[in-house]
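Asks: Keeping their order, the protein sequence lines are chains P and H.
Heads up: the first sequence begins at 1 in the UniProt record's numbering, then just goes up one per residue.
Heads up: the second sequence begins at 1 in the UniProt record's numbering, then just goes up one per residue.
Do not take every clue at face value.
Unchecked claim - Below are the DSS-like pairs computed for lysine-lysine, each with C-alpha atoms no more than 27 Å apart in a straight line:
(1) K221/P <-> K376/H
(2) K224/P <-> K497/H
(3) K221/P <-> K500/H
(4) K147/P <-> K268/H
(5) K497/H <-> K443/P
(6) K191/H <-> K177/P
(7) K354/H <-> K221/P
(8) K246/P <-> K191/H
(9) K417/H <-> K224/P
(10) K76/P <-> K386/H
(11) K236/H <-> K224/P
(12) K324/P <-> K289/H
(13) K386/H <-> K224/P
(14) K221/P <-> K187/H
(15) K444/P <-> K316/H
(16) K386/H <-> K193/P
(17) K444/P <-> K301/H
(18) K191/H <-> K444/P
(19) K316/H <-> K363/P
(20) K221/P <-> K316/H
(21) K417/H <-> K221/P
(22) K203/P <-> K417/H
(23) K224/P <-> K301/H
(24) K394/P <-> K316/H
(25) K324/P <-> K497/H
(26) K410/H <-> K443/P
(27) K224/P <-> K191/H
(28) K193/P <-> K221/P
(29) K411/H <-> K246/P
(30) K191/H <-> K221/P
(31) K289/H <-> K76/P
(32) K482/H <-> K221/P
(33) K191/H <-> K203/P
Because the hints were derived from the structure by calculation, they are not lab data.
One-letter residues, chain by chain:
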Amino acid sequence: MIRQDYNRIDPKRRSTLDHKKKQFATPTYKQQEYPHRLNLYEIPPTAEITLEQFEQWAIDRLRILAELEACSFRNKTLTETAAYITPLLQKWLPLHSNSSSSAGAQDENLKLERQKDHYSHFILRLAFSSTEDLRRRFARIECSLFKLRFQNDDARERQAFVESLQLDWEVVSEEEKRTLATDLQNATPGLRKQEVEEGGWFKVDFETVPELVESRRVFLKRGKAYVPVREQMSMVLAGFNERVDKGLELAARALPRLDEDDRLTPILNHLSRNFATPDSTLSDSDSALPGAPINAASIDHLSQHFPLCMRNLYMTLRKNSHLKHFGRLQYTLFLKGIGLTLEDCLIFWRQAFKLITDDTFNKEYRYNVRHAYGEVGGDATRRGRGYSPFSCQKILTEHPPGSGESHGCPYRHFSADNLTTLLQTTGVNDRDVLRGVKEDVEKKRYHIACNRVFDWYVHF
Amino acid sequence: MPHSTVTDPVAPSSPTEEDSVLPDAPPHAVDEVKEEREEADENEQEDGDTIREAPKADVKLEDIFNDDDEDDDEFSSSGAATAKVESSPPAAPLQLAPAAKYTDPEVMLAFYQRLFPFRYLFQWLNHSMKPSNDFGHREFAFTLQNDAYLRYQSFPTGDLLRKDILRLNPSRFEIGPVYTANPRDRKTLRKSTAFRPIAKELVFDIDLTDYDEIRTCCDKANICHKCWSFVTMAIKVVDAALREDFGFEHIMWVYSGRRGAHAWISDKRARNMDDQKRKALAGYLELIKGGAQSGKRVNVKRPLHPHLARSLDILKDHFQRDILEDQDPWAEPQKAERLLQLLPDKALNDALRKKWDTAPGRSSTSKWADIDALAKSGASKTLDGKALLDAKQDIVLEYTYPRLDVEVSKKQIHLLKSPFVIHPKTGRVCVPIDTRRLAKFDPLGVPTVTELLGEIDEYDGRDLREEGEGKKAQDYEKTSLKPYVDYFRSYVAGLLKDEKGVKREREDDDAMEF
Chain P
1 MIRQDYNRID
11 PKRRSTLDHK
21 KKQFATPTYK
31 QQEYPHRLNL
41 YEIPPTAEIT
51 LEQFEQWAID
61 RLRILAELEA
71 CSFRNKTLTE
81 TAAYITPLLQ
91 KWLPLHSNSS
101 SSAGAQDENL
111 KLERQKDHYS
121 HFILRLAFSS
131 TEDLRRRFAR
141 IECSLFKLRF
151 QNDDARERQA
161 FVESLQLDWE
171 VVSEEEKRTL
181 ATDLQNATPG
191 LRKQEVEEGG
201 WFKVDFETVP
211 ELVESRRVFL
221 KRGKAYVPVR
231 EQMSMVLAGF
241 NERVDKGLEL
251 AARALPRLDE
261 DDRLTPILNH
271 LSRNFATPDS
281 TLSDSDSALP
291 GAPINAASID
301 HLSQHFPLCM
311 RNLYMTLRKN
321 SHLKHFGRLQ
331 YTLFLKGIGL
341 TLEDCLIFWR
351 QAFKLITDDT
361 FNKEYRYNVR
371 HAYGEVGGDA
381 TRRGRGYSPF
391 SCQKILTEHP
401 PGSGESHGCP
411 YRHFSADNLT
421 TLLQTTGVND
431 RDVLRGVKED
441 VEKKRYHIAC
451 NRVFDWYVHF
Chain H
1 MPHSTVTDPV
11 APSSPTEEDS
21 VLPDAPPHAV
31 DEVKEEREEA
41 DENEQEDGDT
51 IREAPKADVK
61 LEDIFNDDDE
71 DDDEFSSSGA
81 ATAKVESSPP
91 AAPLQLAPAA
101 KYTDPEVMLA
111 FYQRLFPFRY
121 LFQWLNHSMK
131 PSNDFGHREF
141 AFTLQNDAYL
151 RYQSFPTGDL
161 LRKDILRLNP
171 SRFEIGPVYT
181 ANPRDRKTLR
191 KSTAFRPIAK
201 ELVFDIDLTD
211 YDEIRTCCDK
221 ANICHKCWSF
231 VTMAIKVVDA
241 ALREDFGFEH
251 IMWVYSGRRG
261 AHAWISDKRA
271 RNMDDQKRKA
281 LAGYLELIKG
291 GAQSGKRVNV
301 KRPLHPHLAR
311 SLDILKDHFQ
321 RDILEDQDPW
331 AEPQKAERLL
341 QLLPDKALND
351 ALRKKWDTAP
361 GRSSTSKWAD
371 IDALAKSGAS
381 KTLDGKALLD
391 AKQDIVLEYT
401 YPRLDVEVSK
411 KQIHLLKSPF
421 VIHPKTGRVC
431 VPIDTRRLAK
441 FDPLGVPTVT
451 ELLGEIDEYD
461 GRDLREEGEG
471 KKAQDYEKTS
481 LKPYVDYFRS
491 YVAGLLKDEK
501 GVKREREDDD
511 AMEF
């Protein structure tokens, strides 16, 4: 593994070292101990492991992460996810608490489990640090894994773990607690009077608990947030999140040093490619997809087979002869994804916007389409082939449509009535299907609703 | 080239050409004064860098640069103004002032040259007297007279900013974040990730158009004193939350020139917040969500969060006076129906409806009082007093709580119009609002650029007659812009003082470690 210098020597002091001697001194690493089940992954592993272990551990963790991500795609609740993931975790990445063994943290099996957790995290961190997109996804899923484990942890051990973190928390004095009692009670929903008086409170900078601040669930005074013990999870999570983000950033910078390495690099590449499956990515081959070639004129005909979000965009486009920015982007990337060439795509948009002049089109829209295809903009060596088509995840969670906009996912962003009307206009008139869709949407299972309609089309 | 505009701050333009005269446009009518101006403009176009060194022959050099005794060199002093008298008829500016339009490039130029407080703007953004990256790596964006938009402008010092603004004469300009590198060099960086924003003032934007569904007096871009009270309320609530809850101290409110206000928070802690934290803060302050169609728009949990309880306390009085009396939002029956929608008890609603139907034209104040009166008289058996009180509180909040344009606050990279620029549609200066005298602030009394230039001429005319010796007044001091610039200066001084303290503390800390 790559060694990172967390504690760089102060430049003033460095001069006193004898470089000639120091340079070849054998590095001494602190041997890793795992007193707690949970780990903030601050210190990279230093012991040697075999290449097989390197790959196997990473693959095991990757399995879990992929399942976790799938759960979030399917909008499962936290309890559903926990129920689904727990057996998988037992199988691939078990992590037992100290109390599970008579020897406590000294138990050899526990050590091994924790070592595997530790190493696999760092291997994947390296594998997923190469692009911004991968980094963001990795951080998100690692956080949900951590959250899951944190919640399931034994209460006493969790407390010990939190205390070992030495976070910058100031304890609110009894006196201050008494003077602020009403405010604390009112600001923190779901807390009984007794808990307010007897429970512990921490004073932290409000920046450390953005979630609580945003939803107005915490008392603020002069820049300090008064957080009850119960909410410590969100703070620990924030701390974890921050460390992973920072770690990924560092790993990304260190990655080029591996360029010459022919043992690890192929494994890392392989790992990160596998992770990419749930997200739709454009195939690298330039050859056309099988089937009849798609051109600007065939979109009209093909649109009846599009998923509802794209169908909706298509219909809006035909109705208004215009789409707003995010609608254009979502649709352009979809067209790109199904194999429409840039030239045809430009023809398509030019014809679709029939109310505007060539001049306006060239000035205001042409660039964006070319940009989406990676023809222009940014750094030529980095833009690659432009953006990938939006995944459902992205469409569901990012940029909800505002007034006059028609991008997004109809299952999620339409009211129930409007959704039914839209489905009926696209020819879905089976009552069972419509009812099923309605139920799915109520449970926030937008994917399943979409699949249901697709199934119906296929069997129709 | 101070003299060119000084000679004639308001162009002798006829109404037909007032919009179209660009600095280098061909002259329509060749009179003496105008010719001189055109010539000067050509100078400016050709070599912007040597403007100052090219005074007209008939003006003595010392007259232009005679402000040695003053430290504020960005305000051309009246010395230059006295010099002009030889070359132009003294009465001309006065007589032309009302006719000239504020969009006239000449007027803009004169404003930047003589009135815009560049020095304090620099100190405000730089957080110290000595030029630093806080200013040097800061993005400015100019909107030019031809509506071209220039982004990623940056300047090492306030003087250079001033020079470029005089050269380009933008109709307005905006302030962006401080970047990791100089914005002008962003394309020369090897890695695109090396160029990213690192700091910006936390900003808030209040716009009266967001109140259109509840204000009855005006709509769209129009405002009057009645609806300005919405902004007053918003400022009080947000200002209190920022100070008491978040502990910010350096908060400046700026009139946006037409129908709203901006807040700029310059505390170091606020400047360094990333987008996620900004989003959290905006979420904390945002209460009214959803569109006009989404029914009851305020549904807050009980007990009220201390921030909301305090806000309600601030807003209660305003609700009586500014909403019920001035806005009278439920005067008409269909609007009163909206009020009933927000109340929880059906039987009470029926009783209210009946009462109001028999007395058309009943005022909102009376209707609001009716709710309690009928509730007490037992018009409804099922009435839940707590639910009614909560609903009434929600209504007060819905009609008074600040409606912020939160997107502006969430992103570091958001550009916001600079204080003291001219609003292109109204000609009013975007002046800071002194929150200590918030209730007295009159948006319709904010000086317009043409008024200000007229005031300078009037003052100079008077001054000339009296021939008073002594310290020469700076141009802004001759006008009604003075109190605003003075406020800005003292605000910036306060900021600089604190910032100095922060720096020293930090240095001390460093020293302790060894």
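Asks: Against each hint, give a clear statement of whether it holds in the structure.
Replies: Hints, verified against the model:
Of the supplied pair hints, the one linking K221/P and K376/H is violated, its CA atoms being roughly 38 Å apart against a limit of 27 Å. Of the supplied pair hints, the one linking K224/P and K497/H holds, its CA atoms being roughly 23 Å apart against a limit of 27 Å. A threshold of 27 Å between alpha carbons decides the hint, and for K221/P with K500/H the separation of about 25 Å falls inside it, so the pair holds. Distance hint between K147/P and K268/H is unfulfilled; the C-alpha atoms sit about 32 Å from each other, more than 27 Å.
At roughly 56 Å between alpha-carbon atoms, K497/H and K443/P are farther apart than 27 Å, so this suggested pair is violated. Our distance criterion of 27 Å between C-alpha atoms is broken by K191/H and K177/P, whose separation comes to about 50 Å. Straight-line distance between C-alpha atoms of K354/H and K221/P comes to about 47 Å, which puts the hinted pair past the 27 Å bound. For the hint linking K246/P to K191/H, the alpha-carbon distance of about 18 Å falls within 27 Å, and the restraint holds.
A C-alpha spacing of about 31 Å is found between K417/H and K224/P, which places the hinted pair above 27 Å, so the restraint is violated. Among the hinted pairs, K76/P with K386/H is inconsistent with the structure: their alpha-carbon atoms are about 37 Å apart, more than 27 Å. As the CA atoms of K236/H and K224/P are separated by approximately 21 Å, the hinted pair is consistent with the 27 Å bound. A distance of roughly 22 Å separates the Cα atoms of K324/P and K289/H; the hinted pair therefore holds under the 27 Å criterion.
At roughly 32 Å between alpha-carbon atoms, K386/H and K224/P are farther apart than 27 Å, so this suggested pair is violated. A threshold of 27 Å between alpha carbons decides the hint, and for K221/P with K187/H the separation of about 43 Å lies outside it, so the pair is violated. Between K444/P and K316/H the alpha-carbon distance is near 40 Å, which puts this suggested pair outside the 27 Å criterion. Straight-line distance between C-alpha atoms of K386/H and K193/P comes to about 20 Å, which keeps the hinted pair within the 27 Å bound.
Of the pairs offered as hints, the one joining K444/P and K301/H holds, with about 24 Å between alpha carbons and a cut-off of 27 Å not exceeded. For the hint pairing K191/H with K444/P, the CA-to-CA distance comes to about 41 Å; that exceeds 27 Å, so the pair is violated. For the suggested pair K316/H and K363/P, the alpha carbons sit about 51 Å apart, so the restraint of at most 27 Å is broken. With a C-alpha separation of about 23 Å, the suggested pair K221/P and K316/H falls inside the 27 Å cut-off, and the hint holds.
Restraint check: the Cα-Cα separation between K417/H and K221/P comes to about 31 Å, which exceeds 27 Å; the hinted pair is violated. Using a Cα cut-off of 27 Å, the hinted pair K203/P and K417/H is violated, with the two alpha carbons roughly 36 Å apart. Note on K224/P and K301/H: the hinted pairing holds, with a Cα-Cα distance of about 22 Å set against a maximum of 27 Å. At roughly 43 Å between alpha-carbon atoms, K394/P and K316/H are farther apart than 27 Å, so this suggested pair is violated.
Of the pairs offered as hints, the one joining K324/P and K497/H is violated, with about 48 Å between alpha carbons and a cut-off of 27 Å exceeded. Proximity of K410/H to K443/P is assessed by CA-CA distance (about 30 Å); at most 27 Å being required, the pair is judged violated. At roughly 37 Å between alpha-carbon atoms, K224/P and K191/H are farther apart than 27 Å, so this suggested pair is violated. Restraint check: the Cα-Cα separation between K193/P and K221/P comes to about 20 Å, which is no more than 27 Å; the hinted pair holds.
Proposed proximity of K411/H and K246/P is supported: the alpha carbons are some 21 Å apart, at most 27 Å. A threshold of 27 Å between alpha carbons decides the hint, and for K191/H with K221/P the separation of about 41 Å lies outside it, so the pair is violated. Proximity of K289/H to K76/P is assessed by CA-CA distance (about 26 Å); at most 27 Å being required, the pair is judged to hold. For the suggested pair K482/H and K221/P, the alpha carbons sit about 36 Å apart, so the restraint of at most 27 Å is broken.
As the CA atoms of K191/H and K203/P are separated by approximately 40 Å, the hinted pair breaks the 27 Å bound.
Comparing the model with each numbered hint stated earlier shows that hints 1, 4, 5, 6, 7, 9, 10, 13, 14, 15, 18, 19, 21, 22, 24, 25, 26, 27, 30, 32, 33 do not hold.
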